[in-house]
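Student: Residue numbers (our numbering), protein chains in the order written: chain A, 1 to 110; chain B, 111 to 223.
Simulated from the structure, these hints should not be mistaken for lab results. Ideal placement from N, C-alpha and C gives every residue a C-beta, glycine not left out. You may find that some hints are simply not true.
[Said to hold, decoys possible] Selected chain B positions facing chain A (in silico; Cβ < 10 Å):
(1) LEU121
(2) PHE122
(3) GLN147
(4) LEU155
(5) ALA202
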Amino acid sequence: GEDVEQSLFLSVREGDSSVINCTYTDSSSTYLYWYKQEPGAGLQLLTYIFSNMDMKQDQRLTVLLNKKDKHLSLRIADTQTGDSAIYFCAEEGAGTALIFGKGTTLSVSS
Amino acid sequence: DGGITQSPKYLFRKEGQNVTLSCEQNLNHDAMYWYRQDPGQGLRLIYYSQIVNDFQKGDIAEGYSVSREKKESFPLTVTSAQKNPTAFYLCASSIISGDYGYTFGSGTRLTVV
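With the rest of the complex left out, here is chain A:
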């Protein structure tokens, strides 16, 4: 069945790069997404990548897509304490519904 897997926790120091990894199952997803959730809030779309791209860069964010291995990663350069949050990757499911991973909690220490 469809499933999106992520590691649950990542801890980094301020100024370091963070890399959050995700594996997905549906190779027919046209787009793959990264969302950010701060405590007690809804999710905010961070970025997305079209499935025929290998990489997308958006300021401090770099998304890498390996379609062969169904692996997606999000790199945050120069990680700040304000980047502490839960990060979710998502693939397309039935209709327009998205399937989310369980989320990776990023903790940034100063």
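Go by the hints and put chain B onto chain A.
Tutor: Okay, now just chain B, sitting in the frame of chain A:
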């Protein structure tokens, strides 16, 4: 400004009572969704709707009901049949073609006592 509004932010109900969570959007999005979030479980899809007067069950629809009488509104009713209703409920909306990244509401935390 366009957005998606969930109300109330916190809701307390006694066991055995039905409760309805509100979700309204003014983004002119065709599709709307309800997800449930539990600690360590990520987001699980309850129901979604791509057009007025039509909706589909998600992975955990049992014990929930929805309606979509207007494009802007997609209320979720948590019925007494839902065995473990205490959770954080998130509503979202999107377009239905292209990169349909969701816009999320700020969530409703439901506690059943």
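Student: Next step is simple, just say for each hint if it's right about the structure.
Tutor: Hints, verified against the model:
1. For LEU121 of chain B, the interface hint is violated, since its Cβ never comes within 10 Å of a Cβ in chain A; the closest pair sits about 14 Å apart.
2. For the restraint placing PHE122 of chain B at the interface with chain A, the shortest Cβ-Cβ distance is roughly 16 Å, beyond the 10 Å limit, so the hint is violated.
3. Of the supplied interface hints, the one on GLN147 of chain B holds, with its beta-carbon coming within about 9 Å of a beta-carbon of chain A, less than 10 Å.
4. Because the beta carbon of LEU155 of chain B sits about 5 Å from the nearest beta carbon in chain A, less than 10 Å, this interface hint is met.
5. The beta carbon of ALA202 of chain B comes within 8 Å of a beta carbon in chain A, closer than 10 Å, and the hint placing it at the interface holds.
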